[in-house]
Amino acid sequence: MKHKTFFWFILPTALAMLLFIALPIVSVVMQSLYTPHEQVLRVVENCGPFGCTQETTIDAEATQALRAEQPLGQFAGLDIYLDRGHLATTEVAEAWRTREGLGDFMGALGNLPFYRAMGFTLTYTFTVTPLLIILGFMIALGVNSLHRHLKGLVIFFSLLPMIVTPLIGSLILFWMIDSRGIIGTSLQWLFDDPDLSLKASTGLTWVTLIVYGVWHSAPFAFVVFYAGLQTLPKDMLESAMIDGASRWEQVRYVIIPHLMPLVTFVALIQLMDNFRVFEPIVGFNAAAHATSLSWIIFNDLGGETRLLSSAATTSVLTIIGVSILLSPVLVRTWRDFNTKV
Amino acid sequence: MSSSKATQQPLALKIFIYGFIALWLFLAAFPFLWTLWGSFKVELDFFSKADWTDALTGPRTEATYGAPFTGAGYEGAWLQEEFWRAVLNTSVVCFFVVTISLTFGTLGGYALSRSGYRYTFWLLIIALIFRAMPPITLVSGYLLPFFAWNLWGILPTSIIVLVAINQPFTLWMLHSFFQKIPRDLDEAAKIDGCTQFQAFRYVIIPVMWPGVITTGLFSFLLAYNDFAVTSMLLNQQNQTMVPKIASFLGTTQTEGNVMFAVASVVSATAPLFILVMFFQRQIVSGLTAGAVKG
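Listed in order, the protein sequences are those of chains A and B.
For reference, each letter of the first sequence is one residue, going 1 to 341 in the working numbering.
For reference, each letter of the second sequence is one residue, going 1 to 294 in the working numbering.
Keep in mind that a hint or two might mislead.
Which stretches of chain B does chain A cover? Using the computed rule of at least three CB atoms under 8 Å from a CB of chain A, they are [as the list claims (entries may be wrong)]: (1) 21-35; (2) 130-139.
Below, computed lysine to aspartate or glutamate pairings styled on DMTMM-like, alpha-carbon distance capped at 25 Å [claimed, not checked]: (3) A:K199 with A:D178; (4) A:K199 with B:E43; (5) B:K180 with A:D336; (6) A:K2 with B:D184; (7) B:K49 with B:E62; (8) B:K14 with A:E238; (9) A:K4 with B:D192.
Partner residues aside, some chain A positions facing chain B, computed with beta carbon under 10 Å [as the list claims (entries may be wrong)]: (10) F7; (11) F20; (12) M138; (13) S179; (14) F222; (15) S294; (16) A311; (17) V322.
I should point out that these hints are in silico values taken from the structure, not numbers from a laboratory.
For every residue, glycine included, the Cβ atom is placed at its ideal position computed from N, Cα and C.
Could you put the whole structure together from the sequences, leaning on the hints where they help?
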């Protein structure tokens with residue numbers, strides 16, 4: 001295809017991505033380096049019959065003029081990155097100096113919003129991903145050995161947790177685990193503890209969110225692995241059987257190696273997706289016990305005051321996190337492309 | 001599989017497999033069925049501490065409305081809380097997001113699949129990086145310009161933003177799909193005197209629909225399920241379903257109108273049910289397209 005034709009074909013999509021993805025990223029980075037102007041204050045002396053008093057008033061006109069002149073605000077450099085709401089370098093250094101053991105230090109970190117969110121995000125990402133791969137693999141093996149007529153039905157119901165809007169899915173479960181809901185009541189009965197509530201403690205909230213994450217994403221792993229099983233050459237299994245491999249050995253030495261590239265694929269995709277965990281925290285109303293980076297951004301943006309600079313800074317930090325998780329995917333794509341050409 | 005003696009499963013294994021799959025099916029489907037059933041009850045039945053069977057039989061619903069089922073939750077949500085407006089907004093957003101992103105995506109994906117130059121690779125890599133960006137991180141970049149130019153709060157803004165966020169994925173899907181259509185087809189058309197665009201129009205468009213439908217489904221799901229972008233970029237009146245439901249939670253929990261939220265959740269899930277029912281094959285093939293290719 002000629003360069004010129006290519007240009008016209010690609011123009012609409014490139015323009016859309018340039019204007020609404022590339023430029024916003026630049027603007028987010030810029031915003032994270034600036035803070036809003038403070039109000040311009042003016043000291044006025046009021047002289048009356050009882051002497052003079054000094055009064056400080058807000059000079060609205062001057063504030064407006066300053067804001068119009070530099071709409072981004074004043075340059076703050078990396079100050080916002082280092083403040084208490086983000087990387088909190090001074091607080092971390094302080095906690096490190098006064099630590100009484102590693103646990104104490106981690107506890108101090110847990111009080112800082114960014115590290116608290118990071119703690120949950122990483123725990124969530126690295127527990128949900130392996131668990132959903134295992135569950136998805138087991139479902140795929142199970143469904144693969146079912147009767148032909150049952151498969152379609154099972155696949156239909158299996159897709160639901162993944163297709164349904166994350167916020168809606170988490171709300172549905174949230175109502176069920178309510179202490180008056182069906183799962184909540186069952187758990188109270190099971191553990192014989194009428195005050196048991198999954199929402200009350202941090203640990204249980206984390207478990208709930210992780211269970212939700214696995215429930216939501218396992219179907220994806222299942223579908224991918226199931227498709228992989230269809231491409232497994234039959235004679236490979238047969239020769240393994242003739243060589244006397246037991247069922248377990250067939251799975252371990254034939255099926256798992258065959259699916260390994262797909263496992264990597266699912267793991268890479270899911271690491272990135274789970275890192276941005278957000279909707280379940282809103283749905284489960286869990287912000288008191290578990291926050292994530294995305295949730296902090298949402299919270300900053302949603303308030304009355306709209307803390308744009310703070311949200312932008314967290315956004316940049318999130319983008320850096322995603323880039324780290326993305327790098328293996330890029331390397332893989334690079335390798336694929338070079339071997340293909 | 002085959003029914004030969006060697007591959008037959010022992011009974012214990014068979015029972016185990018069926019049991020496991022039944023358990024998974026229960027986990028996957030039960031929450032939806034339970035909420036669907038419960039949405040026709042009053043709150044005291046759906047959340048009943050005394051006896052969980054109340055949610056099935058609905059004694060208090062019967063006491064209040066004279067029948068074990070009531071549409072009060074739906075009436076409250078759709079009419080009193082104006083959920084119909086959100087449904088309308090969602091339909092508008094989904095329709096335009098799907099059509100626009102497919103138009104842009106087919107043109108771009110086709111060009112990427114037919115050009116052998118090095119820059120196509122870099123464009124695809126950039127798209128992959130954009131695909132990984134959580135949409136919420138972009139929102140703080142939108143707000144200032146949208147406020148300044150008075151674009152905030154209206155549907156077209158959200159539509160074009162969702163189209164853009166959708167492009168990277170659409171491009172990848174359609175790129176790999178167009179690569180499977182033999183190049184000889186459009187080469188032959190060009191030899192016969194077509195321009196590149198005519199070749200696309202008369203040769204490729206008639207055969208591209210399976211891939212386009214699959215990609216369109218995922219564009220639809222993205223627009224339908226979005227919460228981060230629409231809740232930040234739309235004003236109260238233009239809210240789509242998901243942010244509307246989220247805003248219910250703040251107000252209804254206190255007023256004791258949880259059933260409004262339950263009813264609207266069920267209303268928002270129903271179209272997805274139907275979608276999966278009719279397009280199961282396309283969804284599965286779309287999910288696996290990226291993986292099996294390598």
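Do the hints match the structure? See the list:
no., hint, in the structure
1, 21-35, "holds (count 10)"
2, 130-139, "holds (count 8)"
3, A:K199 with A:D178, "holds, 8 Å"
4, A:K199 with B:E43, "holds, 20 Å"
5, B:K180 with A:D336, "holds, 17 Å"
6, A:K2 with B:D184, "holds, 17 Å"
7, B:K49 with B:E62, "holds, 18 Å"
8, B:K14 with A:E238, "holds, 20 Å"
9, A:K4 with B:D192, "holds, 21 Å"
10, F7, "holds, 9 Å"
11, F20, "holds, 3 Å"
12, M138, "holds, 7 Å"
13, S179, "holds, 7 Å"
14, F222, "holds, 9 Å"
15, S294, "holds, 5 Å"
16, A311, "holds, 4 Å"
17, V322, "holds, 5 Å"
The structure fails none of the hints (numbered hints given earlier).
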